[in-house]
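Listed in order, the protein sequences are those of chains Y and L.
According to my numbering, the first sequence is numbered sequentially starting from 1.
According to my numbering, the second sequence is numbered sequentially starting from 1.
It cannot be assumed that every hint is accurate.
Unchecked claim - The calculated lysine-lysine pairs, modelled on PhoX-like cross-linking and capped at a C-alpha distance of 25 Å, are: (1) Lys27/Y with Lys2/L; (2) Lys130/Y with Lys2/L; (3) Lys129/Y with Lys73/L; (4) Lys2/L with Lys113/Y; (5) Lys2/L with Lys54/Y; (6) Lys291/Y with Lys78/Y; (7) Lys113/Y with Lys27/Y.
In case anyone wonders, no lab produced these hints; they're calculated from the structure.
Chain by chain, the residues:
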Amino acid sequence: MKNVGYYIGYLLGGLVAFMSSIYIASKYISWNGIKLSIAISKLRERQLIKEIWKIGSLLFFYAFLFQLLFSIDKYFVKFLEGNRMLAFYTFAVQGTMAVISLFSAFVGSFAPKIYYNFAQGHNQEYLLKKLTFTIMILAYMSAFIIFIGARSFVEAVLPNYGNSVPFFKIFALMIIPFALYNIGYVIAVGMNRVLPLLKGITILLGIAVLLNWMLYKYTGINGIAWATVISVILAYFLVSFIVLSIYQFWYLTLFVLPILLVNLWLMSQDLKAGSVFFLLVICTMSFTFIKNKESY
Amino acid sequence: MKSNFFYTFVVFYSQTLYFIVGILVKRVVLPEIIGAFAFVASVGLLFDMPGSILRNSLERLVPKYLGLQEECKVNEITSLILFFLIMSVTIGSILLNLIGFFFHNDFWQLWAFPTYSVFFVINSLTAFFLSI
């Protein structure tokens, strides 16, 4: 009986989400101008249909290639190290991606506003700067917490997954570029520069395969994790290059990533010195953020 | 900024809830059923491609035309996307049912396909309303 309940529960969960979404949509949107009766004969003439399919397909295809870029490593781990190591590796990837998805959601919540501003031709420097600094500070803190808390977290949640700890520590370095990549991506879409993004990501796919192969050859399984981190950094620079005319804050990552690296190294040598260094960095970043806020 | 943090919190909350419910369900439901659903969901993803394309357009084009102060086009885009979305989920749902009926491997898959096909329609339309 409980197995039948799973099917019913599955549908009921979906139904509750559906009703909630209709309630939210009806509260904020006027449905007066929206019609479902469309003259099929006139569909071919409509310019908007072409635009819908063009933009939608490009974005979909880009999302697909981007997903592929971050699935290559798992194929390498699976075929070179086996299922057991893949379980450890995937656990670290999922843990890190859970944090990154929060940043994606945060940046994504600004996307409609950024697209709207592009259409209006507004200057978005202040918004983008504020967003960059907020993300930068939060991402730095997250990377630091993941690095120092990985072992305790794994021991508490899944004690037999201890082999995933080194991967967690390596992946901590991709949080800042990945979180900031989202900003560049939203700007690129707003600027209608999806096609250059598509071309760039296709080249990056080839580079990522080479990186995975070469780094595995020289440094073993950790090399695959490093290849993923490098791929993220390259994707970040690619998107920053494409939106350079609007968004010039990419250089901040060039400063912050080495600082994070030094901080993490210091942390592994001396807990006290690492913590003081961390507090200093966070204070400096917050101070710069507040100072910039006042200048506008 | 407050609403943006709120949205991020909602995403975090729903992901955590999904994760916890998933663990609880896995404790009481047979792995064969979970496996059958996971397989059917992976097949269903292929049928969600047109819906995904349409939702991507909606998220990009509605703010664009709102910014250009072209309310008529916003309504037209929403109507067109809703029309095509209903068509694609209806076709997808029928195909999922047919696949389940003719190509099922076991009893659980036979039931997983029609159940998932209903969930597929609901889920696609939910994503549409949330995109708006």
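Now the hints, each set against the structure:
Between the alpha carbons of Lys27/Y and Lys2/L the distance comes to roughly 20 Å, so the proposed pair stays at or under 25 Å and holds. The straight-line distance between the Cα atoms of Lys130/Y and Lys2/L is roughly 14 Å, inside the 25 Å bound, and the hint therefore holds. Simply put, Lys129/Y and Lys73/L have alpha-carbon atoms about 32 Å apart, too far for the 25 Å limit, and the pair is violated. Taken as a hint, the Lys2/L and Lys113/Y pair is honoured in the structure, with Cα atoms around 14 Å apart against an allowance of 25 Å.
With a C-alpha separation of about 34 Å, the suggested pairing of Lys2/L with Lys54/Y is violated against the 25 Å cut-off. Using a Cα cut-off of 25 Å, the hinted pair Lys291/Y and Lys78/Y is violated, with the two alpha carbons roughly 49 Å apart. Using a Cα cut-off of 25 Å, the hinted pair Lys113/Y and Lys27/Y holds, with the two alpha carbons roughly 19 Å apart.
Going down the numbered hints, you'll see the structure goes against 3, 5 and 6, while the others check out.
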